[in-house]
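**Q** For the sequence shown, counting from 1, position 71 maps to 71 in UniProt numbering; every step adds exactly one.
To be clear, the hints were calculated from the coordinates, so they are not data collected in a lab.
Virtual Cβ for every residue (Gly too), placed ideally from N, Cα, C.
It is possible that some hints are incorrect.
[Unchecked claim] The calculated DSS-like cross-link candidates involving lysine-lysine, where the alpha carbons are at most 27 Å apart (straight line), are:
#, residue 1, residue 2
1, 481, 659
2, 79, 344
3, 350, 338
4, 563, 576
5, 576, 504
6, 481, 576
7, 440, 576
8, 79, 338
9, 563, 504
10, 350, 79
[What the hints assert, rightly or not] Beta-carbon label-pair distances, calculated as ranges:
#, residue 1, residue 2, range
11, 345, 108, 39 to 45 Å
12, 385, 345, 50 to 56 Å
13, 378, 108, 44 to 50 Å
14, 635, 580, 29 to 35 Å
15, 576, 646, 48 to 54 Å
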Amino acid sequence: MAVLTLVLEILIAVLISSALSHVIPRVSTPLVQIALGVCWYFTPFLPNLELDSELFMVLFIAPLLFLEARNVPRREVAKNLGPSLSLAIGLVLLSLAVTGVTLHVLWPAVPLAAALALGAALGPTDAVAVASLGKEAKLTDRQLNVLRGESLFNDAASIVGFQFACAAALTGAFSMSEFAGGITFSFFGGVTVGVIIGFLFNHLVLLLRRYRMETMTLRIGIEILIPFTAYAAAEHLHVSGVLSVVAAGLLITFQRYGFGSDIARTNLVSNSVWQFVEFTLNGSVFVLLGIELPIAMRASWENPSVSSRMLVLAVAVLTVVSLAIRFLWMAGMLRVTKDSTTGKRRPMTKDRWHSAAVMTFGGPKGTISLALAFTLPYGIDEATHIPLRSALLFIISGYIVVSLVSANIVLPLLAPKDDDAQGEEYARVNVEMLRRTLTKIAELDTPDTHTEVRAVMHSYGERIDRVKLAVPQETVKREQKVRMTTLEWEREWLNRLIEDHPEKEEAAEELLGRLNASLNHMAGPNGHHIQIRQAKPRRQLAILVRRAWAVIARVAPGLSSSKVDMMRAIQIELFKATIAHLQREVLTDVENAEIIARLIGEYRAALSSLHTKTSSLVSLQTLPSRQGVADIRTQTFRLELETIREMLDEDEITRAQAKMMRQNVYLMQADAVL
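Start from the sequences, fold in the hints, and give me the full structure.
**A** In structure tokens, the structure reads:
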């Protein structure tokens, strides 16, 4: 029960961090999780932890590495395999040696083997952080794929080197020949075991699928079993378990092939399960770091043989040394690598030096380094008579924090996203959001609503085609501004109509209320009650009375039988006037002429739809019900907002992108035809 309670408490902390990250978006989720872990340490009734290093390696590192290998874009990474392996093996071994020797020289109390173990722990780059960098900075496809390949393969090289260094630190014996031979045997042995495990599981799932025995539960259970089986089998044969997991993850392909709605549904659930596993394990590692960090700091600072200034100095020096090594290696790799089109090596120009700098800060450290830090054996303190494990954990933790912060600050400055790149990214995620909304709209299809749902789905298909044009971000903002300005003009037109024709006031106020509701949504907290604030004092009370009357009307239908027809007639007049207004604007606003022309076309289509639905010459049986379409559109707007929220919760879109998507929904709500 104690272990179960501990697991539940850590999971609760991870879930709390997810909620807090939306409240304080400028603070990254890992930092929030570390802060929760620190609070955990200072909470009297919560237990402090002593982690089993071998169990931690199996429970955390194995599934994370498998997920990394499972989702990596194989074809893109294969094209840049040479540079990726150069970083994953050559740079890792060089960094291991240089950072280890630097720490040993800087602080002689740290044995060389222990310092090399720390250097190995600082080798892996964080795949999640690398993937998120593409959202914040403008990276080329080749840069991003090289960094992805590095983050996949350098984990294995770093972990193998870390294990050998820890063994040397515990035994006090180190042989370079044994080290090289052991790494070679462990490398090829681990890959061989992983290939066999991946081959067997891949054919097992395909065999079950062939005989229609693949169920959702069985498939997900097999997937979760693969990394633990690969790791356990390799460790039993005394070869690298982590390389076995990576090889198995790269080899399985059953989730990429197959047809049918049942397989697609299983793949969707499987991806959701692995997203939860990744989120939980990553979050748990940072919460555990927050718990262990005060322990490490306290043990180091309270011991007179450990200088707190030395710890901070070690973090700073190792950060500078690691970045310098990485920059020089990147520059050398770019100089040696041949151009993919000409096949010749290119001289180092200013742009290529800039690319080396971008790639240098594009390798932040993260979860795997933290996991390795936790697996430092407690016996490492016995030979030095100082809390060496706590000191090394403090140095690794500090280095990781500095690495993440510098990557998120420096990289966007080195490679800022321009408007075109932001527009293309916005178009891509917007298309994905619309497609997901379409799948939800399809579930509304029934024999009674089939015609109306088809009409709405057709409009979403047209929206997807328009968004695929991937206009620059600045154009998107200008288009939204033109649309808002047009809505404000419509509001003024309705206000003048109410003043000139009091008999149309009730129906016009209904339209005006809808416009103001959309504009209030788009304006945010500072835009509430626009209608009341802008109205004349005489009308403010009338507006409030009509709002109260509208509430009564919703629960007492049929109070105004002619209001709908009056509203439709007013909207026809409004759209005609708006088209005339936009035709005048297109002659004067040259910069936005294309946007205004497209907007005129949309208003004409809406006006044509209104005329068609009011014509008695058209058979109502062949057209979708006007009220039915309105009801379906109301539901689709809700589904679209729900999809935007889900994508934001999953960090698939940024807050700025979500805000822009919501504003588009509010604009469409304002333009919806009654």
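**Q** Give a verdict on every hint.
**A** Status of each hint after checking the structure:
Of the supplied pair hints, the one linking residue 481 and residue 659 holds, its CA atoms being roughly 14 Å apart against a limit of 27 Å. About 16 Å separates the Cα atoms of residue 79 and residue 344, which keeps this hinted pair within 27 Å; it holds. At most 27 Å may separate the alpha-carbon atoms for a hinted pair to count; residue 350 and residue 338 meet this at roughly 17 Å. A C-alpha spacing of about 20 Å is found between residue 563 and residue 576, which places the hinted pair at or below 27 Å, so the restraint holds.
At most 27 Å may separate the alpha-carbon atoms for a hinted pair to count; residue 576 and residue 504 meet this at roughly 17 Å. At most 27 Å may separate the alpha-carbon atoms for a hinted pair to count; residue 481 and residue 576 meet this at roughly 21 Å. Restraint check for residue 440 and residue 576: not satisfied, since their Cα atoms lie roughly 34 Å apart, outside the 27 Å limit. About 12 Å separates the Cα atoms of residue 79 and residue 338, which keeps this hinted pair within 27 Å; it holds.
Between residue 563 and residue 504 the CA atoms are separated by roughly 9 Å; this keeps the pair inside 27 Å, and the hint holds. Between residue 350 and residue 79, the direct Cα distance comes to roughly 25 Å. Compliance with the 27 Å bound is thereby established for this hinted pair. A hinted range of 39 to 45 Å for the beta carbons of residue 345 and residue 108 is consistent with their spacing of about 42 Å. Separation of residue 385 from residue 345 is about 53 Å and conforms to the stated range, judged on CB atoms against 50 to 56 Å.
About 22 Å separates the C-beta atoms of residue 378 and residue 108, a value inconsistent with the hinted range of 44 to 50 Å. Range check, residue 635 to residue 580: Cβ separation about 33 Å, and the 29 to 35 Å hint holds. Checked against the hint of 48 to 54 Å, the C-beta distance between residue 576 and residue 646 comes to roughly 39 Å, which is inconsistent with it.
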